[in-house]
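Asker: Based on the hints, put chain B in the right spot on chain E.
2 protein chains.
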Amino acid sequence: MTLEKAIEKLNQLERAAYALKHAQDILYVDGDTVAPRQSWKARGEALGYLSELEYQLMVSPETGDVLSEITSRPGEVDEITLRRAEVLKEAYDDMHVLPQEEYTAYAQLTNEASAVWHEAKVRSDFASFAPYLERIIAARRRYAALRNPELPAYDVLLNLYEKGACMADLDPFFRTLREELSPLIAEVAAHPLPTPGFMKKTYPIAQQRDFSDRLMLLQGIDPERCSIGETEHPFTGGPNKWDVRITTHYHEEDVTLSLFSVIHEGGHALYELGIRDDLALTCLGGGSTMGIHESQSRFYENILGRSRAYCTPLLKILKESFPAQMEGVTEEELYRGINLSHPSLIRTEADELTYPLHVMIRYELEKALVAGDLSVQELPGAWNEAYRKYLGVEVPDDRRGVLQDSHWSTGYLGYFPSYALGSAYGVQMLHQMQASFDVWATVAQGNLKPITDWLGQKIHQYGKLKLPRDLLLNAMGGPLDAREYTGYLQKKYRELYQL
Amino acid sequence: MTLEKAIEKLNQLERAAYALKHAQDILYVDGDTVAPRQSWKARGEALGYLSELEYQLMVSPETGDVLSEITSRPGEVDEITLRRAEVLKEAYDDMHVLPQEEYTAYAQLTNEASAVWHEAKVRSDFASFAPYLERIIAARRRYAALRNPELPAYDVLLNLYEKGACMADLDPFFRTLREELSPLIAEVAAHPLPTPGFMKKTYPIAQQRDFSDRLMLLQGIDPERCSIGETEHPFTGGPNKWDVRITTHYHEEDVTLSLFSVIHEGGHALYELGIRDDLALTCLGGGSTMGIHESQSRFYENILGRSRAYCTPLLKILKESFPAQMEGVTEEELYRGINLSHPSLIRTEADELTYPLHVMIRYELEKALVAGDLSVQELPGAWNEAYRKYLGVEVPDDRRGVLQDSHWSTGYLGYFPSYALGSAYGVQMLHQMQASFDVWATVAQGNLKPITDWLGQKIHQYGKLKLPRDLLLNAMGGPLDAREYTGYLQKKYRELYQL
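Protein chains in written order, with my numbering: chain E, 31 to 529; chain B, 31 to 529.
Here chain E stands alone, though its shape is the one from the complex:
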């Protein structure tokens, strides 16, 4: 095959792959937001067929030839074409490693496991989910052994979500978090602050919907390219930079839950919205790794969204949307209210300080599960023991314990570390940003544009064009350093709790 022909084929492949991805993305978003409840089954059949088409497209011998031809001649093609071929080659290798029957069987297994997990969580019944988790772990081990027999299985899985991550780096990273944060968490828990009155008011959902629009505008999200919906679990979806969807879940009794969901998903959205036009409809037109994606969402949610400076513009729009509930509330009270910290059971509701230990616990457990050092039968006990040891809380049932997250039921073993890595990346980006301009002054003015521009310049614009390690080095100014992250948390919480 000539190089010219290979590039033409690559373009055809991308066009087909893009259309199939677009359709699947919209079917997922629609299915979780406005689709009627009984629509799930036929949607599953349609999605099944589209994913078969995608597999056939990706795994054909011709695709392998095209991608090898281009990636073997790096000097002769432009940067974007080469990188497109490299990224597709990785997807090709990932899919190719399993025969189609096994690929399909795994999709069916996780689909079924997901339904079983939902039911098991409601009934707090780990035993019914256990056999599925065992099969998922076995399947993931087999995939890892085929994909890269030289690496430990868990490292292969980590690489699916965070390119280059490995236990050799994550073990000391999480050890530092544990050693630095565990004592601080206990100290904070021993000196509780009072809950401000606005946290005990009722916030009607119709008003919260209007408030979300204000909040997204404050964050600088273009409403012509990003819309908001409502789902049980908030997420960010949508197929391209002109069509981003975020979702939230409203709780009448607590306005801060949706507030920080919207800012978090808004951070993911700003990443997607900021990708260069010329990458948008190619395989490079999405965020880089999951850790880098989480660095953006958690940067907006916590570093900006829960900062003292953000309380100025935030309180202003809160008072516009909720004049009665927010009457007389001061910025200081708001700052205290949205940063109250106490060890708790549920990761997704945890505060900024205790959150990384929820992740650390999951890292240790899934690593042991994949290595075979912990059996599925022993998992609930190990979970409860870890919560007792590191967070000082007693887990009353598996619903609020080992069954709380969906990740393992969908086969996402190796995903959790991305959340903590993202938080740590974000702190290092903040420090770099502060060397360029006065971050808190611009935040206090309610002007996030210089911040989003800075992140756009360093991260967003590139999509998957740059290698993750280059993106990170460029934005963080150096390698990952757990102590920058723990130092940030120490400073923030010691000041807040006057310790």
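Be aware that one or more of the hints could be misleading.
Each pair may be met inside one copy or between any two copies, as identical chains are not told apart.
No more than 20 Å apart at the CA atoms, straight line, and that leaves these computed lysine to any residue pairs for SDA-like [as the list claims (entries may be wrong)]: (1) K419 x Q434; (2) K522 x R208; (3) K35 x H221; (4) K231 x A72; (5) K51 x E75; (6) K39 x E75.
Note that these hints are calculated values from the structure, not bench results.
Answerer: The following block gives chain B in isolation, referenced to the frame of chain E:
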């Protein structure tokens, strides 16, 4: 090919076609409801690819062989399989008649024409749209000549929307409507009734949204299988009987606009919701002709929805949702308010009595356009003249005249008659239904179930399984009779206006 093999191939073809249709249906609904504004372009590219896939799938020589094999052996296959092959064979013949480039070029032409029409309508600028309409008419003539050179072109186009319809039947049908209704419309216009006070109140959109939910429940629409969204122009979409979507448009100053949109689209929805499970994910899993579909929507909207009997349950839920605006309103006032008739400019806002003449005018004009008896240049003048002659109104500009409907810009020449046919079919179904049970007694009780069950039994359940003429004969008890329809309108409006 053996028959067994052909049936296996048919099943594979159906599965693929269903998935592609499902994806396209959802992309259209999503695009018109919640998608951000700038998403249209990339969605267009994805839809373009999916429709190419569909074309390739349908027009392959193998598909032709499979469908011929099955349809040529009617005695050897079951009713459903045979009918599936027949319906797909028609789609095959339709697509096959044009080479792929021409098929794609036509899709691009209507896509572009649609955008040009939107803009032209806003600016009331027919001249900018005229060249596109000329090209569309030429393309449709060419399609008709290739599809069936024995028939007049307009008859071929009519058959796309109403199988079996022809000018030989429609000319006398519309003549009867014209002759019977024109004098009645003038008589009614000369004796105007006062507008009740509730028609002049304000109805906040948040309250109207809640009201739509009540209205759909009253109509017997299952919320687990049908959801409601908001669009500029209301429509019914969704891929199958477990996933139906209706939309509406709220106007604060007039609660009846959305009210009757919801009942109308709800009628379409009940048709789709009532299709047999075993047909649902096949090519038989949708409504039969457009005329039969409109018979259902207009039956619920007008015959039931604007009946005296329906005012009893309707007023009850109106008072629940709008206690202030509806205070003291009587059923008689409501009945009068929702049936006020006067000649007007806009088809979609016309009352039940004047509506068929809006359709008649379009029928005469598009028939003449396709035959070449009327040029595109002459069209606006002919439109205005027809409105003056048959409805006695002066058209002030093309926005409220010839540019008001989207149909011609999307190539839907031959579609309009379906609306009037649907209304006429509905009246004949009412008369048949009345022979079985007391329709108005059950309506007055707010119990539409016996009615929907009757229609489900005669029409809905079959999807496309039965031939349209058999469905209609079964539900109407005889052939189309324009005088049953005009008689119904004469009776209703003479009583209402005491003429």
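Asker: Give a verdict on every hint.
Answerer: So, going through the hints one by one against the coordinates:
Only within a single protomer do K419 and Q434 lie at most 20 Å apart by alpha-carbon distance; the minimum there is 19 Å, versus 71 Å between protomers. Taking CA atoms no more than 20 Å apart as the test, K522 paired with R208 passes inside one copy only; the shortest distance there is 17 Å, against 80 Å between copies. For a Cα distance limit of 20 Å, the shortest separation of K35 from H221 qualifies neither inside one copy, at 68 Å, nor across copies, at 76 Å. Taking the shortest alpha-carbon separations for K231 and A72, neither the intra-copy value of 42 Å nor the inter-copy value of 43 Å comes in at or below 20 Å.
Proximity of K51 and E75 under a CA criterion of 20 Å is satisfied in both settings, with 16 Å inside one chain copy and 12 Å between copies. In this homomeric assembly, K39 and E75 come within 20 Å of each other (Cα to Cα) only across copies, at 18 Å, whereas the closest approach inside a single copy is 29 Å.
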